[in-house]
Amino acid sequence: MVAQAGPSRARPLWVLAALGVLAVAMVAGLLDGAADISPWQVVLQAVDWLPFVHVDSGLAPVEQGLLFELRLPRVLVAAVVGGLLAVAGAGYQGVFRNPLADPYLLGAAAGAGLATTVAIVLLPSAAGSIPVAAFLGAVGGVFLAYTLGNTAGRAGGTATLVLAGVAVTSFLTAIQTFVQQFKVEELQRIYSWILGDVGGGWDQFWLVLPYAAVSAVLLLLHGRMLDVLSVGDEEAASLGVRAARVRFTVLLAASLATAAAVAVSGLIGFVGIVIPHVVRRLAGGSYRIVLPLSLIGGAAFLVAADLVARTVIAPAELPIGVVTMFVGAPFFVGVLRMTRRAST
Amino acid sequence: MIETSALSVRLGDREVLAEVDLRVRRGDWLAIIGPNGAGKSTLLKAVMGLVAHRGTVTLDGRPAAGLKPRERARLLAYAPQTPALPPDMTVFDYALLGRTPYIPYLGRESRHDRDVTASVLDRLDLTELAMRRAGELSGGERQRVVLARALAQQAPVLLLDEPTTALDLGHQQQVLELVDRLRRADGLTVVTTLHDLTVAGLYADALLLLAEGRAAASGAPAQVLTEALVGRHFDAHVKIEPGPDGRPVVHLVRGGP
Ligand SMILES: Nc1ncnc2c1ncn2[C@@H]1O[C@H](COP(=O)(O)OP(=O)(O)OP(=O)(O)O)[C@@H](O)[C@H]1O
Ligand SMILES: [Mg+2]
Numbered sequence: 001m002v003a004q005a006g007p008s009r010a011r012p013l014w015v016l017a018a019l020g021v022l023a024v025a026m027v028a029g030l031l032d033g034a035a036d037i038s039p040w041q042v043v044l045q046a047v048d049w050l051p052f053v054h055v056d057s058g059l060a061p062v063e064q065g066l067l068f069e070l071r072l073p074r075v076l077v078a079a080v081v082g083g084l085l086a087v088a089g090a091g092y093q094g095v096f097r098n099p100l101a102d103p104y105l106l107g108a109a110a111g112a113g114l115a116t117t118v119a120i121v122l123l124p125s126a127a128g129s130i131p132v133a134a135f136l137g138a139v140g141g142v143f144l145a146y147t148l149g150n151t152a153g154r155a156g157g158t159a160t161l162v163l164a165g166v167a168v169t170s171f172l173t174a175i176q177t178f179v180q181q182f183k184v185e186e187l188q189r190i191y192s193w194i195l196g197d198v199g200g201g202w203d204q205f206w207l208v209l210p211y212a213a214v215s216a217v218l219l220l221l222h223g224r225m226l227d228v229l230s231v232g233d234e235e236a237a238s239l240g241v242r243a244a245r246v247r248f249t250v251l252l253a254a255s256l257a258t259a260a261a262v263a264v265s266g267l268i269g270f271v272g273i274v275i276p277h278v279v280r281r282l283a284g285g286s287y288r289i290v291l292p293l294s295l296i297g298g299a300a301f302l303v304a305a306d307l308v309a310r311t312v313i314a315p316a317e318l319p320i321g322v323v324t325m326f327v328g329a330p331f332f333v334g335v336l337r338m339t340r341r342a343s344t
Numbered sequence: 001m002i003e004t005s006a007l008s009v010r011l012g013d014r015e016v017l018a019e020v021d022l023r024v025r026r027g028d029w030l031a032i033i034g035p036n037g038a039g040k041s042t043l044l045k046a047v048m049g050l051v052a053h054r055g056t057v058t059l060d061g062r063p064a065a066g067l068k069p070r071e072r073a074r075l076l077a078y079a080p081q082t083p084a085l086p087p088d089m090t091v092f093d094y095a096l097l098g099r100t101p102y103i104p105y106l107g108r109e110s111r112h113d114r115d116v117t118a119s120v121l122d123r124l125d126l127t128e129l130a131m132r133r134a135g136e137l138s139g140g141e142r143q144r145v146v147l148a149r150a151l152a153q154q155a156p157v158l159l160l161d162e163p164t165t166a167l168d169l170g171h172q173q174q175v176l177e178l179v180d181r182l183r184r185a186d187g188l189t190v191v192t193t194l195h196d197l198t199v200a201g202l203y204a205d206a207l208l209l210l211a212e213g214r215a216a217a218s219g220a221p222a223q224v225l226t227e228a229l230v231g232r233h234f235d236a237h238v239k240i241e242p243g244p245d246g247r248p249v250v251h252l253v254r255g256g257p
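From first to last, the protein sequence lines are chains A and B.
Mapping of the first sequence onto full-length UniProt numbering: position 142 corresponds to residue 142, and the numbering continues sequentially without gaps.
Mapping of the second sequence onto full-length UniProt numbering: position 60 corresponds to residue 60, and the numbering continues sequentially without gaps.
Hint data in this document are derived by calculation from the structure and do not stem from the laboratory.
Fair warning: this is a prediction, and the values are worked out from it, not measured in the lab.
Ideal Cβ placement from N, Cα and C applies to all residues, glycine included.
It is possible that part of the hints are untrue.
[Stated by the list, open to error] These stretches of chain A come out as covered by chain B in the derived footprint (C-beta under 8 Å, 3 or more residues):
| hint | region |
| --- | --- |
| 1 | 55-66 |
| 2 | 230-236 |
| 3 | 240-246 |
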């Protein structure tokens, strides 16, 4: 059987399937074990929220308020953050030509962790300063690693950049640990931030949305260029592409996405590595496939992870970062086993 | 079409290429020969602008240094000796990379780009493999896929670094004949490095013998492929006779050197 020859792209079927999974996850997230609400009512209610559409979901105003003020922003934040982390991960993997690169590789997480710790220690009462600090910290961490990598090695080379990221991460983490010892009573707060949280409501959602939109669009536009980069800098140059420039732009976009995600939700691990990898296994290796499907798949994954975080030990909540790792790892192994014969 | 003067390349602390002058006219085929490490690949890379060099490269009457990367990529297509084939990429996607200099930075390929790619794959017997992953190809298939990328670039100059080393006899002939036909039909200028001296003498109009980074000899095949020159620079014991068409045929002699 010879398939119709043509360039790789995200086939509509795959996109629809991924969007379907996302929709199911979001409805489940809105529903969240509430016994007296049916999934169908949630769907009707979701349609009712759309502008210019009115349908009667049959839900009482209290239930509607609960859905709208608590559940909906939470599900949306989880979706946006998950999508951002996954698409940023795919972007970093393209830039570094390494499927194990992750959104925190270049010191973003360590920078955000340090800045947040400093904010909590110095301004314990100003909760609003945390996202700002996290954002600046993440951007600062990446900037530091990038500058260091470029002064230590050939401009834009990948190996020195990764090493610089590792060095910056260790250094900033050491400082962060040092700082947090000054306020042992805030350790709980610091750790709960580090382990991730998407329950910040509408404010959290509106805060992240503009950065999410800009960085996701920028990354999605670079799919073909990342495919060109995958043959290496020298061959990319022979095709008329300035690899260092593409790399810089994609790094910028991926770091913006990471910083935005970290700023509103803390450090949520695993999404950025696992989701692109699963997409690669299931749908194909071209970045024109991996980027868009990671965006949707990451969103669905984190919505589902948040649902698990809220329900397994209800009424208490697990930190979502714990769930992504705890649920993500076996899931990942499962996909690896399932597709072992198909590729490698 | 291509001219270099006093082209020198330094890699690390070694002078890998020293003062090489080269001249290839439009529609000509130049084969660069020489022992391992002579600097053949480096010479191609320098012409391609991929390594820092001294001296000048002139392409189509214009100094190469003044060309934008995309302009240069439309003028020169390059197939490296050890290409990086991403194992997950499909053969079609890989060949399509050759169209990169024609596609806007953030744009997508046109129907024309797809058609060119498909027809190049067809000419190289690769249509059957088009949707296969590059990681699942044999050595010779890989080599033809890389050539397909270079041909998809539709540049007037082809720089091919060892294009036939991994190919069986039939495919070797197919590739060389294809390049030769393109050159005659479309006036392509071809520069290849080749290890098979007989093949080099058979297809090329001119040979350049590199040894230790210097041009040791250049000219028509019969002038360069002499027992004395080959014996000295390759440190090999050979016998060279004129073939049926008068071009030199190089035989190894047992027991040497
Ligand atoms: N990055 C580098 N740094 C230092 N020396 C290098 C580098 N790349 C190549 N060289 C050296 O330059 C010389 C020429 O290399 P080149 O690849 O041009 O040889 P070649 O003639 O193509 O050989 P072969 O027939 O084996 O392909 C070799 O001695 C090689 O060791
Ligand atoms: Mg070589």
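Results of checking the hints against the structure:
With a threshold of 8 Å between beta carbons, the proposed coverage of the region 55-66 of chain A by chain B is violated, since 0 of its residues qualify and at least three are required. Under a criterion of three residues with beta carbons nearer than 8 Å to beta carbons of chain B, the stated coverage of the region 230-236 of chain A is upheld, 5 such residues being counted. With a threshold of 8 Å between beta carbons, the proposed coverage of the region 240-246 of chain A by chain B holds, since 3 of its residues qualify and at least three are required.
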